Amino acid sequence: MLIPFYTTAQDKKITTYHLSEVTISHDTIPSENYLLSVDDYMNQRNDLQVVKRGGFAFEPIIEGFTDGQIAVSIDGMRVFGACTDKMDPATSYLEPVNLKKLSVLKENESQMYGTALGGTIMAEMRYPDLSKSLEVGVQTAYSSNSNGFDGNLYVEKTISDQWGIRYSGAYRKHDSYTDGNNELVKYTQYEKMNHTLTSTYKLSTTEKLTALLMYDHGMDIGYPALNMDVGSAKALMGNIGYTKHYDKGFINHLEAKVYYNDIKHVMDDSKRENVAIRMDMPGLSQTLGAWVSVNRKTNNHKLTLKGDFYSNHLFADMTMYSPSGGVNMYMLTWGDIRRNSFATNFQDEWKLDPRLTLLTNLRLEWASTNLQNELGRKQLETMNYFIDGPRSDLSGSFSALFKYKLNSSIESKFGISYTSRMPSASELYGFYLFNANDRFDYLGTPDLKNEKVISFDFTLRYHQENWQIGARGRASFIKDYIVGVVNENYDSMTSGALGVKTYQNVEGATSTHFEVFAGVAFSKQLNYNLNLVHENGYIDALHSPMPYQRPLTIKNKLSYQLQKLTSSFYYEYSVGMQSPSEALGEQKTDPYHLVNVDFSYPVKLKNSRLYLELGVHNLLNSYYIDPFSWNGIPNSGRNIKTSIRFII
Amino acid sequence: MKNIFLALFLSIVLFACNEDNSSIEPEQPILEYAIASEKDEANTYTLTLRSSKANLHEGVNNVAFVTEGDTLPEGGEWKILPKMHMQMEGMTHMHSTPFLGFDEADNHASGIGQILFLMPTVEMGSWTLEVSYLLEDESIADWTFEIQVDAIEFLAQDPTFKTVVRVPMGDGDETLIMGYNFTAGEPAMGRNEYEVLAFKRMQAMDHGHGDGHGHLETYMPLNDLTIKSTPFMPDPSMNHGSPNNTDPSFVSEGKYVGIANFTMTGGWQIKMNVSEGENTYLTEEGQSFYTEF
Ligand SMILES: [Cu+2]
Chain A
1 MLIPFYTTAQ DKKITTYHLS EVTISHDTIP SENYLLSVDD YMNQRNDLQV VKRGGFAFEP
61 IIEGFTDGQI AVSIDGMRVF GACTDKMDPA TSYLEPVNLK KLSVLKENES QMYGTALGGT
121 IMAEMRYPDL SKSLEVGVQT AYSSNSNGFD GNLYVEKTIS DQWGIRYSGA YRKHDSYTDG
181 NNELVKYTQY EKMNHTLTST YKLSTTEKLT ALLMYDHGMD IGYPALNMDV GSAKALMGNI
241 GYTKHYDKGF INHLEAKVYY NDIKHVMDDS KRENVAIRMD MPGLSQTLGA WVSVNRKTNN
301 HKLTLKGDFY SNHLFADMTM YSPSGGVNMY MLTWGDIRRN SFATNFQDEW KLDPRLTLLT
361 NLRLEWASTN LQNELGRKQL ETMNYFIDGP RSDLSGSFSA LFKYKLNSSI ESKFGISYTS
421 RMPSASELYG FYLFNANDRF DYLGTPDLKN EKVISFDFTL RYHQENWQIG ARGRASFIKD
481 YIVGVVNENY DSMTSGALGV KTYQNVEGAT STHFEVFAGV AFSKQLNYNL NLVHENGYID
541 ALHSPMPYQR PLTIKNKLSY QLQKLTSSFY YEYSVGMQSP SEALGEQKTD PYHLVNVDFS
601 YPVKLKNSRL YLELGVHNLL NSYYIDPFSW NGIPNSGRNI KTSIRFII
Chain B
1001 MKNIFLALFL SIVLFACNED NSSIEPEQPI LEYAIASEKD EANTYTLTLR SSKANLHEGV
1061 NNVAFVTEGD TLPEGGEWKI LPKMHMQMEG MTHMHSTPFL GFDEADNHAS GIGQILFLMP
1121 TVEMGSWTLE VSYLLEDESI ADWTFEIQVD AIEFLAQDPT FKTVVRVPMG DGDETLIMGY
1181 NFTAGEPAMG RNEYEVLAFK RMQAMDHGHG DGHGHLETYM PLNDLTIKST PFMPDPSMNH
1241 GSPNNTDPSF VSEGKYVGIA NFTMTGGWQI KMNVSEGENT YLTEEGQSFY TEF
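These protein sequence lines are chains A and B, in that order.
Once you know that position 25 of the first sequence is 25 in our numbering, the rest is easy, because the numbers rise by one and skip nothing.
Heads up: take any position in the second sequence, counting from 1, add 1000, and you land on our numbering.
A hint or two may mislead.
To be verified - Covered stretches of chain A (in silico footprint by chain B; criterion: 3 or more residues with CB under 8 Å from a CB of chain B, positions within the stretch not fixed):
1) 315–324
2) 382–396
3) 491–498
Stated by the list, open to error - A short list of chain A residues far from chain B (calculated; beta carbon distances all over 10 Å):
4) Arg126
5) Glu135
6) Leu197
7) Ala211
8) Arg272
9) Leu288
10) Asn328
11) Met331
12) Phe346
13) Tyr404
14) Leu448
15) Asn466
16) Ala521
17) Ser567
18) Ser568
19) Asp598
Unchecked claim - Have a look at the derived ranges for each label pair, beta carbon to beta carbon:
20) B:Glu1146 x A:Pro390: 49 to 59 Å
21) B:Thr1283 x A:Tyr215: 32 to 42 Å
22) B:Asp1150 x A:Leu498: 34 to 44 Å
23) B:Phe1182 x A:Leu498: 28 to 38 Å
24) A:Leu498 x B:Glu1146: 30 to 40 Å
25) B:Glu1186 x A:Leu498: 28 to 38 Å
26) B:Tyr1033 x A:Gly325: 26 to 36 Å
27) B:Glu1186 x A:Tyr215: 40 to 50 Å
28) B:Gly1090 x A:Ser324: 36 to 46 Å
29) B:Val1251 x A:Gly389: 28 to 38 Å
30) B:Thr1283 x A:Ser324: 15 to 25 Å
31) A:Gly325 x B:Gly1075: 51 to 61 Å
Keep in mind the hints are simulated off the structure, nothing from the lab.
Everything numeric in this text was worked out from a predicted model, so none of it was measured.
From the three backbone atoms N, C-alpha and C, an ideal C-beta is built for every residue, glycine too.
Extracted from the complex, chain A is given alone in its bound form:
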């Protein structure tokens, strides 16, 4: 039972969104159309929220859970940003032209890639599939608002029966955008490029080797919500994977991967006026990892066992140039923090009867985390923490999810999960990390306890041949919630900061997520989708709402196919941030209406295809502030984006 959610029917491959998954999955990049950046793409999704600090590098949020509470897996690799100020979420190093799929995993599935309270973002890269001897795609686009250029190129070549390679590159350069009042939003410019090489080598009919090498370089990226911009953000990632299918035998499928990624992040304040102090703030994140996963299928069970390891190293420091001609100052913000993690994950999908399936997942993770730098340790002595070795943490999760099919049109899911996650590097050892949103300097607390959550999930879906409607709810009860608590005894370091917060475990926090979704296929040419979300959260100890709770937001999408012209109309309405977490820097925002329209028209050429595309985003030129935007930075006003893409 399929309802096309969005189609690009002019392609020989029609992209369909399968609604057999209860949550509308939206996770395939529209085939060969890489017009959107990963940021835009995440922003439009129903199952993901983003935090904006400017025009680039949006931070993903899953149902109010952020950063250390969610996991990010890029092509099976754990990737940790190299910025102490979260300027470079791992997703900022992605390009749609490389991506086969970007999924948001929730409930059971999310635990396979990391101990995650809120879910996992899983990016799967495109590998050559050896189905065509050569394919080349080129796309260029121009954005009127930011005088922006987006271009991408890919070449996929099958070299032999066994071996194929794919290169893809992307380049983007945008000036600062103007908001809905036609005023320039300074420091929203960005530039980036990406080169990715993937390869598939079939060892036999059942075995293959894959390899990936990706280099991404962001330059001159503005962050209007922060005190600094980014001069350079470089990521180098590589991995080698092995897959084997077994026709018979105890296991059916084996997959293994080894990987390494290296991220270098350099902040820059040289373009800012009235800076209290000029600083150099470089950051480094290196992750080495490997995993093996095996699957076994029996009549009633689908079992997966995965073992993974990663070792992550973080370093960041700060050199401050005295504006008064005094001696320059230096401190470490991440003093060589090393985390070695070993995890095993067991998952079972058990068909109890034709209508009832039980999914269980058990994850156990052991990690050792150390602050290795002697100076870094000395700094923490000023907080009366004397570190002389690594700390060990045991974390993990257990979840059970029942899927029940009442009849051919009603499906329901009920799940319960318990997750215990260890504190992140910044939460443990961060040293005077300035949060520009609540304007506090944050200090890590080396003896933090794990944050624990019990979540209940419920989904109900009713569907008929051409339409469906459903709802999903989640309630989470968090114990030892990790949050910054004001410490009056400490002086802030950053000029303009309001004070110092130290990360603490506080009792009791709760959050809820509620969404309604519906889809109708009026005809083969016309279909409509709706998604409504409302979230709530409260931190008892701070007497404050929890940050990043989505206020009531409705997203509508209408897709229409007229002859060869594909058009889509997107309308989003949000009541705006009504109960901001002021304690954590959020502010009220106004309701807004957002309308986007997109058109795509194919032109047939000999042996090739040409597409003309036009998008008008924020058609009404609404002035609006995203509810999660830091420091009230307004979103982009009307932008007309035109693109030509060419595929041979």
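Assemble chain B with the ligand onto chain A, guided by the hints.
Same frame as chain A, now just chain B with the ligand:
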């Protein structure tokens, strides 16, 4: 424990040797740097001035005098006298400077002590260190070191940022003198134990002779001070302190030990509020210790 010497009239210090006649030579703690070596006036004994730093400087210096070659007779006493010779209008004016320590003296070495140089060597003024070894009040050897005391200069130009704090003590001619010494040698990021040396300077009793000889001021260690301290970064871009500091408290004659936490490198003040009973000599708005690293 032997009394810490205070410079009296002529600022002469006497240290008796340890009356330890065991055959095993007591291990002398030797400071890292040899600053200067001198033969005594009779050209018999060589004495080396050693210091924990490569150069002597304004403020507190950890020093020791160690003999080389011929051994001095046992059971004697050491005398130390630092002197600043200043040329003023054709006349030589002299003053001294406070010190303490030199407890572990024997016939090989004076033991480690601390000299708080109130000022550096300047164009019109030079320092000497006069050292004698006496046996039953009889001088066995006399040495004179001509030494260079470096000025400590800071990038920050604030006249209240000090290596040596000097403030008047109420009425009269008495002055509170304080210097600091980081136990680890240099200040560093993190937790720093530091010593504050505190003396009362009393003017020489005899004024007006002007013969440049004999009448030096005296320094008395102060043992009853209450010191409240605030490490602070005065750079206008910083303007903050640090957490979890410990005020200096009395540990021995003229010496107080505290903890200063430096959360980053840079220029740090240790602002102090110093009082003795009812009398407050210094507040945090006044002079402060200062260091750049
Ligand atoms: Cu950054």
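- Query: Mind checking, does the region 382–396 of chain A have 3 or more residues with a CB under 8 Å from chain B?
  - Reply: Satisfied; 3 residues make the cut.
Minimum Cβ-Cβ distance from methionine 331 of chain A to chain B exceeds 10 Å
4 Å, violated
- Determine whether the Cβ-Cβ distance between valine 1251 of chain B and glycine 389 of chain A falls within the hinted range of 28 to 38 Å. Once the Cβ atoms are compared, 31 Å apart, the range 28 to 38 Å for glycine 389 of chain A and valine 1251 of chain B holds.
Review point. Taking the closest pair, is the beta carbon of aspartate 598 of chain A still more than 10 Å from chain B?
Key: For aspartate 598 of chain A, whose nearest Cβ neighbour in chain B is about 48 Å away, the distance exceeds 10 Å, so it holds.
Should the hint that threonine 1283 of chain B and tyrosine 215 of chain A are 32 to 42 Å apart at their CB atoms be regarded as holding?
Taking Cβ atoms as reference, threonine 1283 of chain B and tyrosine 215 of chain A lie about 59 Å apart, which means the hint is violated.
For this session: Please confirm whether glutamate 135 of chain A is truly not at the interface, meaning its C-beta sits more than 10 Å away from all C-beta atoms of chain B.
Result: 54 Å, holds
Taking the beta carbons of tyrosine 1033 of chain B and glycine 325 of chain A, is their distance inside 26 to 36 Å?
Hint holds: Cβ distance 31 Å, inside 26 to 36 Å.
### Query
Are at least 3 residues of the region 491–498 of chain A within less than 8 Å of chain B when you compare beta carbons?
holds (count 4)
Consistency of beta-carbon spacing, glutamate 1146 of chain B to leucine 498 of chain A, with hint 30 to 40 Å
56 Å, violated
Beyond 10 Å from every chain B Cβ - status for tyrosine 404 of chain A: The claim stands: tyrosine 404 of chain A keeps its Cβ more than 10 Å from every Cβ of chain B (closest is about 55 Å).
Item to complete: Would you assess whether asparagine 328 of chain A, listed as outside the interface, keeps its beta-carbon beyond 10 Å of every beta-carbon in chain B?
Response: Per Cβ check, asparagine 328 of chain A is inside 10 Å of chain B; nearest 7 Å; violated.
Quick one: are glycine 325 of chain A and glycine 1075 of chain B within 51 to 61 Å, going by C-beta? 56 Å, holds
Checked against the numbered hints given earlier, this structure breaks hints 10, 11, 21, 24; the rest are met.
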